[in-house]
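Working from the sequences, and respecting the hints, build out all of it.
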Amino acid sequence: FVQGSLNAMVRYDLEALDAYMELATEILLHDVERWREIGRHAVGGELFNVVRSLLRPSPDYASLVRRGALIWAQLFSFGSWRASTSPSGRAMLQVADFEPAASSLRHWLAGMLEETARRAIGTEAKVAITGGEMGFTPELTCEIS
Numbered sequence: 009f010v011q012g013s014l015n016a017m018v019r020y021d022l023e024a025l026d027a028y029m030e031l032a033t034e035i036l037l038h039d040v041e042r043w044r045e046i047g048r049h050a051v052g053g054e055l056f057n058v059v060r061s062l063l064r065p066s067p068d069y070a071s072l073v074r075r076g077a078l079i080w081a082q083l084f085s086f087g088s089w090r091a092s093t094s095p096s097g098r099a100m101l102q103v104a105d106f107e108p109a110a111s112s113l114r115h116w117l118a119g120m121l122e123e124t125a126r127r128a129i130g131t132e133a134k135v136a137i138t139g140g141e142m143g144f145t146p147e148l149t150c151e152i153s
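First residue of the sequence shown? That's 9 in the numbering used here, and the numbers climb one at a time after it.
It should be emphasised that the hints constitute simulated quantities derived from the structure, not laboratory data. Treat each hint with caution, since some may be false.
Using 20 Å as the maximum straight-line C-alpha spacing, the simulated EDC-like pairs for lysine to aspartate or glutamate come out as follows [stated by the list, open to error]:
{"hint": "1", "residue 1": "K134", "residue 2": "D39"}
{"hint": "2", "residue 1": "K134", "residue 2": "E41"}
{"hint": "3", "residue 1": "K134", "residue 2": "D68"}
Cβ-Cβ distance ranges computed for the label pairs, FRET-style [what the hints assert, rightly or not]:
{"hint": "4", "residue 1": "L36", "residue 2": "L83", "range": "32 to 38 Å"}
{"hint": "5", "residue 1": "D105", "residue 2": "Y28", "range": "28 to 34 Å"}
{"hint": "6", "residue 1": "S94", "residue 2": "P146", "range": "15 to 21 Å"}
{"hint": "7", "residue 1": "F84", "residue 2": "A136", "range": "33 to 39 Å"}
{"hint": "8", "residue 1": "T145", "residue 2": "A81", "range": "14 to 20 Å"}
{"hint": "9", "residue 1": "E141", "residue 2": "S88", "range": "14 to 20 Å"}
{"hint": "10", "residue 1": "I35", "residue 2": "P95", "range": "37 to 43 Å"}
{"hint": "11", "residue 1": "E107", "residue 2": "E34", "range": "30 to 36 Å"}
Because the structure is a prediction, the values reported are computed rather than measured. Using N, Cα and C, we set each Cβ at its ideal position, and we do this for glycine too.
In structure tokens, the structure reads:
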């Protein structure tokens with residue numbers, strides 16, 4: 009707020025960020041799902057230098073999520089990030105202790121994961137939030153296919 013813009017690489021008070029995202033959703037986006045689009049655009053924009061090593065070709069989603077969990081976790085000061093495989097065999101990212109994250113931030117993260125996977129694998133990746141879509145729940149689970 010002080011500089012008049014948000015920057016993905018600057019630490020903000022999470023309550024202020026939640027309020028800013030809620031207001032942006034209400035006034036500009038009208039739907040929390042639109043945060044996915046913003047997350048996808050961030051990969052080629054402000055987050056490019058952070059995720060650059062993940063954008064090199066990867067053989068599959070599972071190896072991308074294993075490498076990515078360590079890098080994506082650095083964007084947040086909370087959460088325990090773990091790569092795994094779902095019962096259906098899909099690559100899965102599980103984030104425990106994720107209570108501080110509002111729904112808009114969870115959807116932004118899903119979009120960022122989608123775009124990273126699309127650029128690294130070269131296919132039309134889709135991220136499904138299979139657990140913890142609602143804001144302020146203790147866990148977030150995403151499957152990539």
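Quick rundown of the hints versus the structure:
1. A hinted pair counts as satisfied when its Cα atoms are at most 20 Å apart, and K134 with D39 qualifies at roughly 19 Å.
2. Simply put, K134 and E41 have alpha-carbon atoms about 13 Å apart, close enough for the 20 Å limit, and the pair holds.
3. Simply put, K134 and D68 have alpha-carbon atoms about 13 Å apart, close enough for the 20 Å limit, and the pair holds.
4. At about 22 Å, the beta-carbon gap between L36 and L83 misses the expected band of 32 to 38 Å.
5. Restraint check, D105 to Y28: a C-beta distance of roughly 23 Å breaks the suggested window 28 to 34 Å.
6. For the hinted restraint 15 to 21 Å between S94 and P146, the CB-CB distance of approximately 19 Å keeps it satisfied.
7. At about 20 Å, the CB distance of F84 to A136 disagrees with the hint of 33 to 39 Å.
8. Separated by about 18 Å at the C-beta atoms, T145 and A81 satisfy the suggested range of 14 to 20 Å.
9. Roughly 18 Å separates the CB atoms of E141 and S88, a value that falls within the hinted 14 to 20 Å.
10. Checked against the hint of 37 to 43 Å, the C-beta distance between I35 and P95 comes to roughly 40 Å, which is consistent with it.
11. A hinted range of 30 to 36 Å is violated for the C-beta pair E107 and E34, which are about 23 Å apart.
Comparing the model with each numbered hint stated earlier shows that hints 4, 5, 7, 11 do not hold.
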